[in-house]
Amino acid sequence: MADESAEKNVLAAGAPLVNISDVSFAYGRRPILTGINMTIPRGKVVAIMGQSGCGKTTTLRLIGGQLKPSQGEVYFDGQPVHTMDAGGLYTMRRRMGMLFQFGALFTDSSVFDNVAFQMREHTDLSEEMIRDLVLLKLNAVGLRGARDLMPSELSGGMARRVALARAIALDPLLMMYDEPFTGLDPLTMGIIGQLIRKLNDALGGSSIIVTHDVQESLQIVDYIYFMADGKVVAEGTPDEIRASDKAYVHQFVWGEMDGPVPFQYPSAPYREQIYGAAHA
Amino acid sequence: MLDRVAAVLRGLGSRVTSRLWRLGFASRFIFATLLYSGASFRRLSLTIREIYFSGVLSLIIILVSGLFVGMVLGLQGYDTLQRYGSSEALGILVALSLVRELGPVVAALLFASRAGSAITAEIGLMKATEQLSAMEMMAVNPIARVVAPRFWAGVISMPLLAALFSAMGIFGGYLVGVQLIGIDEGSFWSQMQASVDFREDIVNGVIKSVVFGVIVSWIAVFEGYDSEPTAEGVSGATTRTVVTSSLAILAADFILTALMFRGA
Chain A
892 MADESAEKNV
902 LAAGAPLVNI
912 SDVSFAYGRR
922 PILTGINMTI
932 PRGKVVAIMG
942 QSGCGKTTTL
952 RLIGGQLKPS
962 QGEVYFDGQP
972 VHTMDAGGLY
982 TMRRRMGMLF
992 QFGALFTDSS
1002 VFDNVAFQMR
1012 EHTDLSEEMI
1022 RDLVLLKLNA
1032 VGLRGARDLM
1042 PSELSGGMAR
1052 RVALARAIAL
1062 DPLLMMYDEP
1072 FTGLDPLTMG
1082 IIGQLIRKLN
1092 DALGGSSIIV
1102 THDVQESLQI
1112 VDYIYFMADG
1122 KVVAEGTPDE
1132 IRASDKAYVH
1142 QFVWGEMDGP
1152 VPFQYPSAPY
1162 REQIYGAAHA
Chain B
61 MLDRVAAVLR
71 GLGSRVTSRL
81 WRLGFASRFI
91 FATLLYSGAS
101 FRRLSLTIRE
111 IYFSGVLSLI
121 IILVSGLFVG
131 MVLGLQGYDT
141 LQRYGSSEAL
151 GILVALSLVR
161 ELGPVVAALL
171 FASRAGSAIT
181 AEIGLMKATE
191 QLSAMEMMAV
201 NPIARVVAPR
211 FWAGVISMPL
221 LAALFSAMGI
231 FGGYLVGVQL
241 IGIDEGSFWS
251 QMQASVDFRE
261 DIVNGVIKSV
271 VFGVIVSWIA
281 VFEGYDSEPT
291 AEGVSGATTR
301 TVVTSSLAIL
311 AADFILTALM
321 FRGA
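These protein sequences, in sequence, are chains A and B.
Following our numbering, the numbering of the first sequence begins with 892 at its first residue and continues without gaps.
Following our numbering, the numbering of the second sequence begins with 61 at its first residue and continues without gaps.
Misleading hints may appear alongside valid ones.
[What the hints assert, rightly or not] Derived lysine to any residue pairs resembling SDA-like cross-links, with alpha carbons at most 25 Å apart:
#, chain 1, residue 1, chain 2, residue 2
1, A, K959, B, Y96
2, A, K959, B, A204
3, A, K959, B, R205
4, A, K959, B, R82
5, A, K959, B, F128
6, A, K959, B, F85
7, A, K959, B, S193
8, A, K959, B, F89
9, A, K935, B, A199
10, A, K959, B, P202
11, A, K959, B, F91
12, A, K959, B, N201
13, A, K959, B, A149
14, A, K959, B, E190
15, A, K959, B, F231
16, A, K959, B, S255
Just so you know, these hints were derived from the structure itself, not from any lab.
It should be emphasised that the depicted structure is a prediction, and the values quoted were computed from it without experimental measurement.
Between the sequences and the hints, there should be enough to build the whole structure, so can you do that?
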């Protein structure tokens, strides 16, 4: 047993940061993921794309240990996430950062206190040191001047940037972004996209972006997993994805109205409903 | 016919099991809250902040209500007592009603509506806006950081608020009885002093308010934590907090009174 874990640690040094193998997950009897395999290499930005409800966010929650797979294994930095107890999960999460869809800032705290939250909770740093670090993080997202504002005073894009500064507060090894582009104007979207790439390269860690924003993501990521109905249906580099002739990927990347994903919600034939069964 | 009976029984069965399941979850939740309470006392500032929000900000409603309840007790009590020629006993009536019953019960009902509902709404909205999930992902246990300080703040605030309610009520009774109606001031206070027992009346009243504090705070934090993360879910949870706490307070009051004051 001890040999086995030692072997895993040796492997971990050169192994991908996150490894998901043959993972299935179901809410009650409703299957969400079936037989997912993914690898997130170190230093890379990887996107998980697909329609709403295809299991992208669930995959993130499995990596963060907020959900347990009903089958399969999830490894983070060589450690099994799927078998960790609460203490192990909290220790592991100190090396992870997550940006939530709408920021999830603490509404009763200022921008400064939001970013300082993890430093105060997990370190013994002095307030002066925390102040310097918070200003550094806020400077990285261009919001050093907004440190005294409350979350209610921020625009959607600013809130997302503050949440980003908060997520990178302890220089995480893995950053996870849950729909970082949703509801943003094209300019802010571009800023967030560039920040994700720059921060990943500066921190030297890995990033996972869960998104359905194809064009923005293809510009900044190294690798893409396409998901549909809880399965990985395609994967590849941005160029491979753009050139893909798989019907689903083509429809998704080029935003076509009809294709493998039908425009119409399943229903009785059109003529039958309009004219009645006799005329169908 | 048989189908309909079966359907009714199935529905009843599923409602009972879902209630039992929820009660079980609420019990596990309170154990988890107690287990992770360390931070609430190690970092006292967290709890003190919540005492301010649920205790200090409830002061106005508690003090004003206490004053009016005491004044009404003064009027009603005098009306009854003077028929038997014992209007000097008004002080006893006002004080005993307040410290034994009305203080803990009415203060707890007001606390449930003022602070309990606010706690539920706040935790529910934190859940709906993923703040609790964000905290978990930042390796901070939301039960230790958010739930436990609010729970203990409620438990600590409740007896203090009930005591203030009773004090204000007695002052209201004094205003009406002595200042307005003109009962002798000396007998008002001295009879009260002679008849109100510290152990039997005051301590029992305090015990009641601590129990009510636990009940209201438990229900409030649980409903918030367990709420559906939608606008409708949070509003439903807030309503349930007020309704369930009020009923639980009244039921617990009956049980506690039966245990404390029998034969006294």
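Checking one constraint from the list: CA of K959/A to CA of F89/B, max 25 Å. Satisfied? Answer holds: K959/A to F89/B is near 20 Å, not above 25 Å.
Between K959/A and F128/B, does the CA-CA distance stay at or below 25 Å? With Cα atoms ~55 Å apart, K959/A and F128/B exceed 25 Å; violated.
Agreement of K959/A and P202/B with the hint, judged by alpha carbon distance not exceeding 25 Å: holds, 19 Å
Given the hint that K959/A pairs with S193/B, does the C-alpha gap stay at or below 25 Å? holds, 15 Å
Does F231/B sit within 25 Å of K959/A, going by the straight-line distance between their CA atoms? Judged against 25 Å, a Cα distance of about 59 Å means the pair is violated.
Does the structure keep K959/A and Y96/B at a Cα separation of 25 Å or less? holds, 22 Å
Holds or violated: K935/A and A199/B, Cα atoms, limit 25 Å. Measuring from Cα to Cα gives roughly 24 Å; hence the hint holds.
Do the alpha carbons of K959/A and E190/B lie within 25 Å of each other, as the hint requires? At roughly 19 Å apart (the allowed maximum being 25 Å), E190/B and K959/A satisfy the hint.
Decide if the proposed pair is consistent with the structure: K959/A and A149/B, CA atoms, cutoff 25 Å inclusive. Violated - the C-alpha atoms of A149/B and K959/A are around 67 Å apart, more than 25 Å.
Hint consistency between K959/A and A204/B [alpha-carbon to alpha-carbon, up to 25 Å]: holds, 22 Å
Going straight from one Cα to the other, do K959/A and R205/B come out at no more than 25 Å? holds, 23 Å
Going straight from one Cα to the other, do K959/A and R82/B come out at no more than 25 Å? holds, 22 Å
Hints 5, 13, 15 and 16 from the list above are not met by this structure, while the remaining hints are.
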